[in-house]
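*Asks:* Residue-level listing of the chains:
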Amino acid sequence: MSVEATANVEKGNAWSGGRVPLGSSYGKLMMWMFLLSDAFTFSSLLVTYGYLRVTALPGWVAPEEVFHGIPFLVEEGLPLVFVGIMTFILIASSVTMVLAVEAGHRMDQKNVARYMILTIIGGLMFLSCQALEWTHLIENGLTLTFNPFKVPLGPNAGQNASTMFGDLFFVITGFHGFHVFSGVVINIIIYFKTIAGDFQKRGHYEMVEKVGLYWHFVDLVWVFVFTVFYLIY
Amino acid sequence: MSENIAHTSEAHDHEEHHFEIIEQGLHEIHSTRKEIWRVFFILLAITVLEFLIALTPAIKDGLGKSKVVGIFFFLTVLKAFYIVGYFMHLKHEKLNMAYTILIPLMFIAYLITLLLFEGSHQIHI
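These protein sequences, in sequence, are chains A and B.
All residue numbers for the first sequence refer to our numbering, where the first residue is 4 and numbers rise by one.
All residue numbers for the second sequence refer to our numbering, where the first residue is 281 and numbers rise by one.
Calculated directly from the structure, the hints in this document are not laboratory data.
Even glycine gets a Cβ: it sits at the ideal position worked out from N, Cα and C.
Please note: incorrect hints may appear among the correct ones.
[Stated by the list, open to error] Cβ pair distances, simulated, as ranges:
1. M36/A / P337/B: 38 to 46 Å
2. I322/B / L76/A: 28 to 36 Å
3. I124/A / H310/B: 23 to 31 Å
4. I198/A / L332/B: 41 to 49 Å
5. K314/B / L60/A: 48 to 56 Å
6. L76/A / F397/B: 38 to 46 Å
7. F321/B / M110/A: 24 to 32 Å
8. T146/A / K374/B: 42 to 50 Å
9. F321/B / M128/A: 16 to 24 Å
10. G144/A / Y379/B: 44 to 52 Å
11. G20/A / L396/B: 41 to 49 Å
12. P61/A / I383/B: 35 to 43 Å
13. P337/B / I198/A: 48 to 56 Å
14. F397/B / G161/A: 23 to 31 Å
Please model the complete structure; the sequences and the hints are all you need to start from.
*Replies:* Rendered as structure tokens:
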């Protein structure tokens, strides 16, 4: 097992080699490095968002006027409720993922598979919600080149708000949604490897931990996307 | 006879020790799961708090925009801390590992701050 391997080489001199740097396995460390680079990518998008938003003319939309319905149920009047449901789904799927990792530490194949399938369902539910929200906004006329929503406050109140809103919304939530989609695909692969008994044979469930890191990162990005698009007014 | 008793008591001790180990293991599993659910409810509570602030005009008008936005950012970073620290397990990794991940991200916070100042300055020209 990787834990034992780590413990054995730890005994050597720090500068004579053969020591595991940062006390983490190669695969996990590389996943962290990938996530760090991915964090840079998302940060560049969010930095762009911040800069374009504070300089936007004639002004920005009010989020509670843009996101105020639940598809199929309520047309309007419930601001931010739908995105609240989406946020809850993503946090819940993060919890099932971490429970799968915990079951993996105990070599509990049945529970790893169970929690992986719950995580996959959570991811698919989130993607469906996002598809519904996009459809709703496009039907209302929000596109990359047109913004039907009005500026709520200030000297330009009542004018159509900056078209940058549509650009940034579709690009950033789209990029995040693509990450969720990739995460679901990777989770499905890991689920099938789990039920095939691959990790049981290997003696550890580190792969589950690695996809877990990726999945939590997707949740983490959503926390920031949620704040900048839906909360800040 | 007495030898036999000693033997059984030894076996009994051994068994008890065995049970202790299993119990300890169960306790560990229990506390890990408890921590997971604790973090889940903290994240949920923070999100609910964010919604309450976002949907209550009285709070928004009372505190003013810059303070409310500051609170939103503080709560967001708090959520990020719980996700990265507990779910991604960074809090229990080596400190050097945590620095490797977190120090580069500090520069992003710096860049965001710079650009927001620059941007809001530009619009007032």
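*Asks:* Confirm or reject each hint.
*Replies:* Checked hints:
Under the hint 38 to 46 Å, the C-beta atoms of M36/A and P337/B, about 45 Å apart, fit the expected range. In this structure, I322/B and L76/A meet the distance hint of 28 to 36 Å, their C-beta atoms being roughly 29 Å apart. At roughly 26 Å, the beta carbons of I124/A and H310/B sit within the given window of 23 to 31 Å. Taking the beta carbon of each, I198/A and L332/B are about 42 Å apart, inside 41 to 49 Å as hinted.
At about 52 Å, the CB distance of K314/B to L60/A agrees with the hint of 48 to 56 Å. For the hinted restraint 38 to 46 Å between L76/A and F397/B, the CB-CB distance of approximately 42 Å keeps it satisfied. Under the hint 24 to 32 Å, the C-beta atoms of F321/B and M110/A, about 28 Å apart, fit the expected range. In this structure the supplied range 42 to 50 Å holds for T146/A paired with K374/B, their Cβ-Cβ distance being about 48 Å.
In this structure the supplied range 16 to 24 Å holds for F321/B paired with M128/A, their Cβ-Cβ distance being about 20 Å. For the pair G144/A and Y379/B, the supplied restraint of 44 to 52 Å holds, since their beta-carbon distance comes to about 48 Å. Checked against the hint of 41 to 49 Å, the C-beta distance between G20/A and L396/B comes to roughly 45 Å, which is consistent with it. Separation of P61/A from I383/B is about 40 Å and conforms to the stated range, judged on CB atoms against 35 to 43 Å.
Between P337/B and I198/A the beta carbons are some 51 Å apart, a value that agrees with the proposed interval 48 to 56 Å. In this structure the supplied range 23 to 31 Å holds for F397/B paired with G161/A, their Cβ-Cβ distance being about 29 Å.
The structure fails none of the hints (numbered hints given earlier).
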